[in-house]
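Chains as they are written, first to last, in the working numbering: chain A, 1 to 216; chain B, 1 to 274.
None of these hints come from the bench; they were simulated from the model.
Incorrect hints may have been included.
SDA-like, lysine to any residue: derived pairs with alpha carbons at most 20 Å apart [to be verified]:
#, chain 1, residue 1, chain 2, residue 2
1, B, 126, A, 134
2, A, 2, A, 17
3, B, 126, B, 103
4, B, 143, A, 135
5, B, 103, A, 48
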Amino acid sequence: MKWDWSAVGDFMPRFWDGVLVTLQALVLGSLIAFALGLVWAMAQRSPLKAVRWPVMVVTEFIRNTPLLVQLFFLFYVLPEWGLTLSALTTGIVGLGLHYSTYTAEVYRAGIDGVPVGQWEACTALSMPRGRTWSAVILPQAIRRVVPALGNYVIAMLKDSPMIAVIGALEMLGQARQFTSITFLPTEPITVVGIAFIVIAYPASLLTRALERRLVR
Amino acid sequence: MSAEKNPSTAANGGTNAAAEGSELIKFDNVTKRYGSNVVLDNLCFDVSPGKHVTLIGPSGSGKTTILRLLMTLVKPDEGTIKVAGEYLSHEERNGKLVPAGEKHSREVRKNIGMVFQQFNLFPNMKVLRNITEAPVHVLGLGKDEAEQRARELLEMVGLTDHIDKYPTQLSGGQQQRVAIARALAMRPQVLLLDEVTSALDPELVAGVLDVLRDIAHSTDITMLCVTHEMNFARDISDDVLMFDAGRVIESGAPEKIFTDPEHERTREFLSAVL
Chain A
1 MKWDWSAVGD FMPRFWDGVL VTLQALVLGS LIAFALGLVW AMAQRSPLKA VRWPVMVVTE
61 FIRNTPLLVQ LFFLFYVLPE WGLTLSALTT GIVGLGLHYS TYTAEVYRAG IDGVPVGQWE
121 ACTALSMPRG RTWSAVILPQ AIRRVVPALG NYVIAMLKDS PMIAVIGALE MLGQARQFTS
181 ITFLPTEPIT VVGIAFIVIA YPASLLTRAL ERRLVR
Chain B
1 MSAEKNPSTA ANGGTNAAAE GSELIKFDNV TKRYGSNVVL DNLCFDVSPG KHVTLIGPSG
61 SGKTTILRLL MTLVKPDEGT IKVAGEYLSH EERNGKLVPA GEKHSREVRK NIGMVFQQFN
121 LFPNMKVLRN ITEAPVHVLG LGKDEAEQRA RELLEMVGLT DHIDKYPTQL SGGQQQRVAI
181 ARALAMRPQV LLLDEVTSAL DPELVAGVLD VLRDIAHSTD ITMLCVTHEM NFARDISDDV
241 LMFDAGRVIE SGAPEKIFTD PEHERTREFL SAVL
């Protein structure tokens, strides 16, 4: 095996394109996962069975089927129903949707961890449901689960190469394409591997720092 | 205490001198079961405005369930509860009584404040906001007015210096006094006290009871109190209801109940706790 620095240089333009896609998928996917997961978790606390049940079925279904299948479904089946999204948008939605079912469980644990007395105090003060959630329950629940959410961001980063299969060329996708043209696998894949560590390690340090600050 | 010795409380279908509608709280044949366990058994009693009523009895006799019914944390299996003339867990629709919706319950419940055994302050809010949160967002008070009211209440419970602290920075007794201020900030007609000193270290109990005594004697608020502090009960109560197995077995003025109870079960209970 030999290492060719000029191959690294040749790969760089594609690499930066890939980094951009990876970061977009990660940031926007995380936002979707955080927001949608919260919706799932709150819906599962709804007093209405007609809300709880469908949400439970949908989230269990998504959590227990492969991300890859969901990406293919979103990319190839939705257009049959008239909804065509770009590869990157599909990848972001797919990652966000898939991980929202995990963050929902995280939020759920956080919400369950808020003592029942907090709900009762809100009832005793006649606080409406929306205010009970936003002012009392969620601030306490989310504080506890921020570190766990951080772990899912890292997990999502490591799953992000999957979106290359539908043509959203993130870092690894760019590396493979470069390899298929130049027949040089070592340099691009090594660079991408290092890039994953460079993104993931500070993220995990941040998560741990948050854990120390937020969780007593 | 007041000169009139007319018992304002009629228990288990006892004769009730008060005219229909004048009572603030009215339990009418209320039954509550948990599985096969009957916690309240066809309970009837009512409380006139301004009265301080203490519920005593062995644990599991149904006292706390009464407070939880009034707070609509649980619903009665049978019977009805009225607060200030309105059905609490039911509402009238087309002349029929149906289980109350959340909105109706919330409206009626605004008349009722509650202080819990475990304080249940909001740990994510400072003391001041614990007290102003509901007046601002439920009653629609302006922020300044709500804060003014909160400061007055904090002065009353002796915690002016702690206005900018978080609940966890306070002792249990201080937290409970904040909780009392928080309940009073809603200007309820009825204050429910659920074993409010049971979770406190012994040396902190007196401070909380002093505040409650002060409120009992200086305001016209109606109090419904579950407690094991018999001296406190004797001090503030107009009426004492003795519970056993989901029924009121004896009721009357504290002087009578505590010194010369009629029921054997009451005597046993009091000799065990006094």
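>> Holds or violated: residue 126 of chain B and residue 134 of chain A, Cα atoms, limit 20 Å.
In response: 16 Å, holds
> Taken at face value, is the distance from the CA of residue 17 of chain A to the CA of residue 2 of chain A at most 20 Å?
Replying inline: Outside the cut-off at roughly 26 Å; violated.
>> Against the 20 Å threshold, does the CA-CA distance of residue 143 of chain B and residue 135 of chain A hold or violate the hint?
In response: Roughly 16 Å separates the two Cα atoms, so the pair holds.
> Taken at face value, is the distance from the CA of residue 48 of chain A to the CA of residue 103 of chain B at most 20 Å?
Replying inline: This hinted pair holds, its Cα atoms lying about 15 Å apart.
>> For a C-alpha distance cap of 20 Å, please report whether residue 126 of chain B and residue 103 of chain B respect it.
In response: It is violated: about 28 Å lies between the C-alpha atoms, which goes past 20 Å.
Of the numbered hints listed earlier, those contradicted by the structure are 2 and 3.
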